[in-house]
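Participant: Listed here are the chains, written in short residue letters.
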Amino acid sequence: MARPPPDPLYSLRGSSGEVNTVAFLNPNDGQDQLLVSGGSDGQVTTWSLKTRRPVCSFAGHEKSVIAVEFAGRNRLFSQGRDGLIRLWSLADDRSQHAPTPRILCEIKVEAAGFCRFCLFRRHISLVSDGPDTIVMFPGENETALKTVAIATGTGQTGHPVYKLPVEQPERVGMCMAVHLFETEERLFGAGGFECGDVLVWRLEDEMLMTRVSLHREPLTCFSLDLTCMRGISGAAENLCKIFEFELNGSELISSCVKSFELLGASKGVSDTAIRSDGKICAVGCWNGSVQVFSWKKLKPLAVLTYHTMGISSVTFSESCSSEPAILLAVGSRDKRISIWSLYN
Amino acid sequence: MILFSNSASSSSSDSPWSTAPSLSLPGGLVLNGRPGCMTIRMPPFPFLSIASLFGVMLFSASDALAGEAVDAEPVSQDVRLHCQVIASFLPGVVTSIAKVILGDSKQGQTILSMAFLTWSSVVATAMSDRLMPQDMSLDMFQSKDKDMGKRQLIINQDKRWWNDTASKVHHLLKRILSIGIHSHWKLRLSVCQFAKMLLQNCNQSLENCVPLLVDVLVAHLNDDYKQVSVFSRQALDSFSVIVVARGSGSLISMFEDNIHSLATRLPRVVRTADDTVRLPTLDLLVGYLRLLGPRISSLLSSSAHLKRLSQALLQILEIDLSDIRIMEKHSAVLGSSTESALYHPVTEETFGHSHYRLQFRHFNDDHIKAAVIKSIRLLGCYGDLSLLVDHFADYFTQSSHWQKQAVLIVNELVRGCAQIGLDCSEDGFLHCSVNSKEAIEEHIMSLLSEYVSESHWHVPTTIDTRMEDFRANQSSRSLAAINVASPNGLSAQTLNSNTILVCLLLDGIAGFAEVLGQHFDALLMTALYPILEKLGDSKGVISQTALDTLTVICQCCGYSSMNDLICHNADYLIDAVSLNLRHLDMNPTTPRVLKMMLQHCDKALLPLVDDTLHEVFTVLDGHFDDTALLLVPVLQTLVEAIHYWFPSTNRATVCEWHEGSRIHEKEKVKACSISDFLKEYCHKNLDMEDGEGGVKDEDFDQTGEQNGEADDFPEDKKEPIPGHCLLTTEVLDRCIHFVSSKNARLRLLVLSVIQHGLLILAATTDQLLPQVHKLWSPLVKRFADIEPVVLMKVTHDIINSCWWHCGVFGLQALDVLCTMAEVSGDFIRRRVVSNVWPALSTSLERMNGMSLQSGKLYKHTVNFKLQKTVLTSLDVLICELDMGDVELSEISAAVLPYLDVRQPRELQEAAVRIFKALATADPDATWLVLSDAVGCCLLPPHPCLTSVKLGTERRPKGIQYSGVVMDLVCELSCCIWRKYIM
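As given, the protein sequences belong to chains A and B, one line each in that order.
Just so we're on the same page, the working numbering is the position in the first sequence counted from 1, plus 21.
Just so we're on the same page, the working numbering is the position in the second sequence counted from 1, plus 4.
Hints in this document: simulated from the structure, not taken from any laboratory.
These numbers were taken from a predicted model, which means no experiment stands behind them.
Check each hint, because a few of them may be wrong.
What the hints assert, rightly or not - Non-contacting residues of chain B with respect to chain A, defined by C-beta distances greater than 10 Å in every case (computed):
| no. | residue |
| --- | --- |
| 1 | ASP324 |
| 2 | HIS523 |
| 3 | ALA526 |
| 4 | MET529 |
| 5 | SER582 |
| 6 | LEU583 |
| 7 | HIS587 |
| 8 | THR768 |
| 9 | HIS777 |
| 10 | ARG835 |
Stated by the list, open to error - List of simulated lysine-lysine pairs, DSS-like, C-alpha gap at most 27 Å:
| no. | chain 1 | residue 1 | chain 2 | residue 2 |
| --- | --- | --- | --- | --- |
| 11 | A | LYS300 | A | LYS279 |
| 12 | A | LYS288 | A | LYS356 |
| 13 | B | LYS607 | A | LYS356 |
| 14 | B | LYS778 | B | LYS860 |
| 15 | B | LYS178 | A | LYS71 |
| 16 | B | LYS190 | B | LYS103 |
Just so you know, even glycine gets a beta-carbon here, dropped at the ideal spot from N, CA and C.
Could you build all of it, start to finish, from the sequences and the hints given here?
Facilitator: Dropping the structure here:
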């Protein structure tokens with residue numbers, strides 16, 4: 022008999038709205054383990070995983086929050102449906118009565134949509150005040166994607182600003198998901214589009230490098246594993262696709278290598294995540310289940326059933342010395358966030 | 005003699021030392037010494053004055069000694085000589101005084117205490133450590149003093165002298181101290197002062213006496229008089245400071261040996277001796293541990309010591325498992341007695357009566373327990389906590405015999421490391437505990453997780469609940485099947501042992517809270533759920549202890565009440581509950597936690613648990629049979645709690661139906677209804693004739709309509725249904741399925757849930773009526789349960805309990821029916837008439853013969869209860885439901901036999917109430933039936949009217965009516981006359 026599916030370690034309750042997005046604080050940034058969530062009512066909440074309670078909660082946006090991301094100690098990016106990406110300065114977590122976070126910087130996103138921004142943090146020395154983070158988000162019309170560099174310390178925006186072009190924007194549709202990655206010291210930006218394709222540009226010369234056709238339905242999310250240059254994508258259908266990149270000199274070649282159906286009749290996939298150690302990947306489905314696969318062989322390992330409504334976000338924490346177990350956080354529209362410890 | 009009596013008389017009123025003149029010449033001393041010595045030899049007559057005499061001369065000596073700079077310089081020659089003079093008289097003086105002390109047991113405490121003080125002063129002066137030569141071989145006085153007179157008297161204090169004298173003094177001391185503890189506190193204080201003085205001044209010269217002296221002080225540590233105990237504690241503490249400062253190894257090792265030997269004989273003493281011996285022995289142990297202080301940790305690093313001590317403690321603390329109170333159940337079998345706990349959430353009284361105190365096998369005295377616990381706490385305070393905890397954890401795992409004691413000891417060790425109950429404020433120097441705060445916190449964390457781990461926390465304390473449920477499912481009448489032999493083979497002894505273990509674990513958690521204080525908040529995440537689990541335990545002892553623990557936690561973490569505690573930490577609880585509900589079969593205790601939360605909180609909790617309650621509903625929907633018995637109690641508590649939290653205000657009368665207030669209202673209405681009708685009729689006719697009446701009426705109607713519309717308007721907006729009503733509706737929806745369950749216990753529970761649920765919904769008719777409709781048909785089937793009661797009674801007496809429960813069951817169904825009638829009234833009238841009426845009236849008719857002329861014992865039978873309930877509920881039904889003539893006459897016929905005087909009193913009264921109710925519903929018919937039955941004729945109010953003789957011959961034979969019935973008839977007759985004639 023198969024073992025029963027695992028239970029979450031615990032769940033975080035008390036969000037006032039549906040949980041749209043969750044993100045861990047990178048433990049190397051030296052704080053208690055924190056999690057941040059964004060809700061459909063515009064609230065951004067940071068949670069302490071030690072006490073399992075909110076540390077602070079503030080109105081981040083006027084409309085629902087679609088993405089949040091930590092950017093180092095006490096810095097937080099949030100993106101709302103009001104078309105803004107905001108960089109927040111959080112108070113130190115020690116003080117009990119934390120003052121409300123301060124907005125350091127605001128970026129206007131012209132494109133209306135559900136596409137989450139992505140960050141690329143350069144590990145440059147903190148002494149220089151120059152931009153240390155690149156933010157990428159969808160652009161308008163011929164500009165498919167746009168990047169802005171930001172110094173998270175001060176909130177100053179600066180160069181380089183890239184605009185990644187696309188021909189016949191009506192053919193690819195809206196941008197649904199973006200990722201920035203670096204390989205062989207070159208930065209690439211990848212975007213998943215409504216047509217079901219993933220397009221990759223080289224940032225330095227804003228040139229479209231490759232395009233891989235994955236889904237018939239609009240693509241909703243994709244994740245990349247740079248160690249093996251492989252990615253997984255989900256769309257508004259019960260299928261996941263695996264694709265690969267290959268860097269051949271200055272050429273980037275991409276191909277779809279595998280397609281597999283998800284267990285159970287889920288109408289779609291809302292988020293995917295690959296664990297940093299490359300062992301497992303998690304797929305959050307619209308029907309409220311999270312499906313876990315081995316990343317190498319894509320063997321189905323577990324179906325995590327806990328949430329009663331659709332999953333909005335899945336994310337893995339990063340391993341560190343103080344907390345060797347890698348946690349999986351799942352945010353759902355049932356206003357709960359569940360924390361899992363799987364195959365540790 | 006005369007010379008000294010002066011000073012004696014002047015000083016006798018005060019302390020002997022206070023007014024002494026200063027005679028510091030050594031020469032004078034010599035002269036003084038001899039007469040004193042001589043006088044003592046003829047005791048006991050002038051003892052007081054002699055004591056003063058010695059006081060005088062000792063004072064000067066000790067004063068001189070004390071006057072010297074403490075250690076910097078050697079003692080000056082003068083003083084030395086001075087003391088030496090006294091030393092020459094030492095043997096004589098000490099033996100004489102010892103004789104006084106040991107002499108007449110009746111002599112006053114003043115003399116005795118004086119004797120003690122004098123003795124100690126003499127010895128302390130003559131044998132002071134500071135006089136001890138550094139190099140014993142040197143004869144000090146030979147060259148310096150030329151006075152031959154004195155030389156003769158002064159003895160040569162060489163090494164041999166010191167040793168000899170010490171052994172002699174030791175001998176004497178032993179004899180003096182053999183007289184034990186005195187009854188007068190001042191004397192005890194003097195004994196302590198005596199010991200203190202010797203210890204302070206002579207701990208090197210009289211090293212062999214130190215144990216004796218320490219024993220004296222230690223024995224007085226727990227004295228009833230504060231002066232004595234505080235003094236001896238201070239004396240011990242200052243001595244231990246000396247010891248620690250000097251680092252004198254021999255003393256320390258002597259203490260350690262003493263502790264070892266004490267520990268060895270302690271179990272024997274506790275087992276066999278009586279309290280007068282045990283307590284001093286334990287006090288000694290406490291005293292020694294206190295004396296060793298921080299050195300305890302090095303003592304315990306020796307495995308021999310550790311083993312001996314722990315063995316002793318484990319053996320002493322053996323727990324008595326035979327106490328019957330351990331077995332006491334907390335909640336009633338039917339599980340419906342939660343109300344008392346619900347209404348008085350934290351007060352002690354609700355549980356107080358069954359408060360259990362740990363019983364030890366070898367002793368009962370609280371003082372002994374306190375002493376043992378104090379010694380353990382001292383160990384915890386000074387010992388290395390990790391070493392000790394590990395050590396006792398070994399015992400814990402080794403055998404189940406040691407488990408409980410080991411837990412008890414660990415609990416106290418932890419308390420000790422925070423110096424709880426060690427009154428360190430008075431000592432001041434206790435603060436040098438070896439365990440750092442962080443280390444303690446870490447230990448507590450690991451201990452807590454160990455305590456609440458599955459294998460320790462969930463030891464079976466009752467017959468396995470899962471087994472119980474399993475059996476419940478197998479036989480529908482499980483309530484009767486209480487086997488004496490536990491099915492899972494656990495003896496009562498083991499169960500009791502486990503119960504105590506759980507209590508100790510709970511107490512341990514309370515201890516952790518005490519130690520950590522506010523910091524314990526962080527551990528609530530782990531601790532609160534298990535404690536609530538135990539709060540809902542069926543064993544009274546366990547739930548009581550859990551309540552105590554929670555109270556302690558509230559205090560330590562700064563929560564004002566348990567409600568506060570639970571509401572603030574509801575997130576942790578709910579998280580655990582909802583996770584465990586996913587595997588209910590593995591966590592059968594989870595519903596208990598939810599139940600306890602509902603029971604001990606106020607309505608602020610409701611929004612917090614809403615989520616989880618829906619999970620409960622989902623589980624109930626998913627797994628029908630096996631889990632219902634676990635979850636329905638939660639629903640029951642929920643509806644009871646809601647009913648309590650939201651008392652329905654719209655229908656205030658709901659709860660007081662038996663008060664009869666409604667009957668009066670209706671009576672008024674009925675009495676004047678006919679005349680009113682006639683008046684109104686005439687009025688209307690007149691209006692019609694006027695021709696304007698129609699218009700007026702229309703106007704009236706219109707305004708009425710307008711009013712109606714105005715009234716309706718807010719209703720159209722549909723005020724949102726309160727959350728608790730929605731919740732109740734959902735609960736009732738689930739209950740419908742269980743009304744017909746095979747399991748009798750479940751059916752009873754469900755009926756109780758329905759009853760409360762209906763009362764909650766009484767305020768919102770929109771919710772109520774559909775529910776009543778849905779509940780009706782399953783409920784009516786339950787009335788069939790009434791019949792088997794009667795049948796079974798006749799056929800089978802063996803399965804007593806079975807039919808009893810069915811009886812209870814039918815009664816419960818009737819209760820629910822009454823509630824239904826109250827809240828929904830007319831809505832169920834027709835159904836009652838067609839479905840319930842026949843069943844009730846036939847059963848009443850059948851049973852009236854049984855109760856006729858029955859004895860007192862009949863009142864304890866089920867039949868009686870059934871009859872009584874049926875009769876009382878009929879009363880309500882008649883009031884609430886507007887019955888037709890046929891039904892009323894049927895009922896009156898069925899109830900009539902119960903008016904017989906030979907029926908039990910309660911039944912008669914109930915029957916009379918029914919007829920009163922009938923009279924309000926239909927006075928004429930009732931009067932007819934009654935007057936018919938009684939056979940009286942209607943007497944006219946005025947002689948000019950002829951009496952009416954009603955010719956019906958339906959009078960039932962052989963019924964003897966009481967006066968009450970006659971009164972009733974007369975009352976009715978008057979009423980009728982008034983109505984028709986006047």
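Participant: Taking the numbered hints from earlier one at a time, note which ones the structure violates and give those numbers from smallest to largest.
Facilitator: Per hint list: 3, 4, 5, 6, 7, 14, 15 violated.
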